[in-house]
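Protein chains in written order, with this note's numbering: chain B, 1 to 132; chain U, 1 to 132; chain Y, 1 to 132; chain R, 1 to 132.
Treat the hints loosely; a few may be bogus.
When chains are identical, the list treats them as one kind, so a pair holds in a single copy or across two.
BS3-like mimics (lysine-lysine), calculated; alpha carbons at most 25 Å apart, straight line [to be verified]:
#1 K81 with K64
#2 K64 with K117
#3 K127 with K64
#4 K7 with K117
Since the hints were derived computationally from the structure, they do not count as laboratory data. Predicted, not measured: the structure shown is a model, and the values here were computed from it.
Protein chains: 4
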Amino acid sequence: MTAWNYKTTIRLHQTDAAGVIFYADLFVMAHECYESWLEPVTSLAGILEQNILVPIVHAEADYKLPMRLSERITIELSLIKKQTTSFILQYRFVNAEGLAAATAQTVHAVIDSQTRKPIPIPAFLEKALASL
Amino acid sequence: MTAWNYKTTIRLHQTDAAGVIFYADLFVMAHECYESWLEPVTSLAGILEQNILVPIVHAEADYKLPMRLSERITIELSLIKKQTTSFILQYRFVNAEGLAAATAQTVHAVIDSQTRKPIPIPAFLEKALASL
Amino acid sequence: MTAWNYKTTIRLHQTDAAGVIFYADLFVMAHECYESWLEPVTSLAGILEQNILVPIVHAEADYKLPMRLSERITIELSLIKKQTTSFILQYRFVNAEGLAAATAQTVHAVIDSQTRKPIPIPAFLEKALASL
Amino acid sequence: MTAWNYKTTIRLHQTDAAGVIFYADLFVMAHECYESWLEPVTSLAGILEQNILVPIVHAEADYKLPMRLSERITIELSLIKKQTTSFILQYRFVNAEGLAAATAQTVHAVIDSQTRKPIPIPAFLEKALASL
Numbered sequence: 001m002t003a004w005n006y007k008t009t010i011r012l013h014q015t016d017a018a019g020v021i022f023y024a025d026l027f028v029m030a031h032e033c034y035e036s037w038l039e040p041v042t043s044l045a046g047i048l049e050q051n052i053l054v055p056i057v058h059a060e061a062d063y064k065l066p067m068r069l070s071e072r073i074t075i076e077l078s079l080i081k082k083q084t085t086s087f088i089l090q091y092r093f094v095n096a097e098g099l100a101a102a103t104a105q106t107v108h109a110v111i112d113s114q115t116r117k118p119i120p121i122p123a124f125l126e127k128a129l130a131s132l
Numbered sequence: 001m002t003a004w005n006y007k008t009t010i011r012l013h014q015t016d017a018a019g020v021i022f023y024a025d026l027f028v029m030a031h032e033c034y035e036s037w038l039e040p041v042t043s044l045a046g047i048l049e050q051n052i053l054v055p056i057v058h059a060e061a062d063y064k065l066p067m068r069l070s071e072r073i074t075i076e077l078s079l080i081k082k083q084t085t086s087f088i089l090q091y092r093f094v095n096a097e098g099l100a101a102a103t104a105q106t107v108h109a110v111i112d113s114q115t116r117k118p119i120p121i122p123a124f125l126e127k128a129l130a131s132l
Numbered sequence: 001m002t003a004w005n006y007k008t009t010i011r012l013h014q015t016d017a018a019g020v021i022f023y024a025d026l027f028v029m030a031h032e033c034y035e036s037w038l039e040p041v042t043s044l045a046g047i048l049e050q051n052i053l054v055p056i057v058h059a060e061a062d063y064k065l066p067m068r069l070s071e072r073i074t075i076e077l078s079l080i081k082k083q084t085t086s087f088i089l090q091y092r093f094v095n096a097e098g099l100a101a102a103t104a105q106t107v108h109a110v111i112d113s114q115t116r117k118p119i120p121i122p123a124f125l126e127k128a129l130a131s132l
Numbered sequence: 001m002t003a004w005n006y007k008t009t010i011r012l013h014q015t016d017a018a019g020v021i022f023y024a025d026l027f028v029m030a031h032e033c034y035e036s037w038l039e040p041v042t043s044l045a046g047i048l049e050q051n052i053l054v055p056i057v058h059a060e061a062d063y064k065l066p067m068r069l070s071e072r073i074t075i076e077l078s079l080i081k082k083q084t085t086s087f088i089l090q091y092r093f094v095n096a097e098g099l100a101a102a103t104a105q106t107v108h109a110v111i112d113s114q115t116r117k118p119i120p121i122p123a124f125l126e127k128a129l130a131s132l
């Protein structure tokens with residue numbers, strides 16, 4: 001069990017003519033999980049208003065099992081690494097049989113939206129990261 | 001109050017550089033509501049396996065208020081019209097202040113996936129429609 | 001023949017498990033046509049910088065023939081109606097056989113991004129509309 | 001210069017409320033480049049009909065510069081590695097200033113759509129890969 005789980009269902013628009021989820025939609029789902037995790041602490045909208053950007057500077061995914069229409073998926077979020085001005089999150093996509101259908105990672109840099117220079121992870125993000 | 005409500009949150013990928021939801025994503029959200037409503041009766045995946053297609057032959061939307069990042073939206077689903085081989089659904093997008101930010105309609109035809117000819121609404125769909 | 005044609009190809013991410021284009025992606029394609037038409041006169045990015053918003057306040061589509069993976073589509077853009085502070089565009093999706101697979105319409109209101117009040121269609125948009 | 005270049009323009013639906021391209025859309029663009037490269041040899045639709053699947057088993061991207069609305073991007077495709085039953089493609093996203101705004105890689109496995117077992121890269125794909 002992880003500290004943050006996000007439950008979702010594969011919807012028609014996420015599938016393609018090969019009958020399974022289109023690979024880029026895995027990254028959309030990962031980001032929905034990320035946004036849901038931020039919600040109790042802040043909202044992405046709130047972050048943008050503070051002139052802080054947390055752009056993803058690297059993303060990667062491994063696809064192990066096809067995810068099909070109407071399949072229920074639990075995304076388990078965990079923190080892989082935390083540095084002064086960046087952090088790495090991992091997403092494990094677990095299907096109804098309890099198998100990891102895919103994993104993904106996103107590397108987030110924290111920057112000032114004006115200068116676009118790295119800044120230390122702000123307190124509210126530190127708090128959210130501490131929960132993982 | 002309507003018979004089927006679907007709660008969702010505006011996610012970053014649904015917004016655009018103008019800061020609000022991109023207009024086509026309203027139709028994606030409407031379809032997620034539609035799929036969630038079908039779930040207790042059948043799944044879209046189940047329908048496809050029965051050689052039934054329920055293609056949308058007409059769709060329309062009216063945009064009244066901008067929907068912004070992290071905003072919570074309740075989509076109220078209702079049945080507007082039911083005919084022998086087709087039906088019309090309406091979606092009302094209600095924001096946190098209780099205001100209708102948008103409405104949408106989808107016209108669904110029921111067809112045989114082999115012949116692509118209209119067929120009567122199948123029993124499981126009749127049942128689902130009766131609940132609205 | 002219309003004054004503005006936009007050629008595109010149905011890509012895998014636009015199709016769904018039913019093997020055809022997902023209905024909301026028609027509206028994405030229509031907007032790509034709209035953006036391509038604006039390019040010779042201005043860019044959407046340029047419009048946003050002038051504190052003008054041209055939100056879509058109504059959209060609708062009729063789906064006549066399935067559009068499948070790798071199918072080449074020409075979108076024919078035409079002007080349906082022009083009023084002081086709004087205009088209506090039509091999109092005709094013509095497949096390789098020359099048949100209209102779908103049509104769509106978008107109603108655009110011109111507003112000031114600060115006051116969100118209607119303003120007259122600006123000169124550069126009038127110029128673009130005059131070409132249709 | 002590479003053997004296959006795909007030119008595209010950042011469209012409104014690919015941007016988000018932070019004003020730049022949403023990270024998952026980079027993978028959508030990469031796949032459009034991949035599909036355009038296959039077109040002279042075969043279509044993805046043609047591959048699916050031959051009971052061959054070429055699923056992406058790994059994908060990754062590095063984001064270096066923001067890509068903004070209306071920005072013109074050239075995606076340069078190259079072959080990184082070819083093995084008996086899989087291959088790795090690289091995408092370089094070059095902006096109007098000639099700078100690499102991002103890079104991405106996709107690892108493709110070739111499998112039989114019935115058995116889902118690895119099979120050797122078919123002749124038409126070998127031919128396409130030989131051009132890179």
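Hints and how they fare:
1. K81 with K64: For K81 and K64, the Cα distance is within 25 Å both inside one copy (23 Å) and across copies (20 Å).
2. K64 with K117: The answer is between: 13 Å across copies meets 25 Å, while 37 Å in one copy does not.
3. K127 with K64: Result: close neither inside a copy nor across copies, 32 Å intra and 28 Å inter.
4. K7 with K117: Neither: 35 Å inside a copy, 30 Å across copies.
Figure legend: structure checked against the earlier numbered hints; hints not met, in rising order: 3 and 4.
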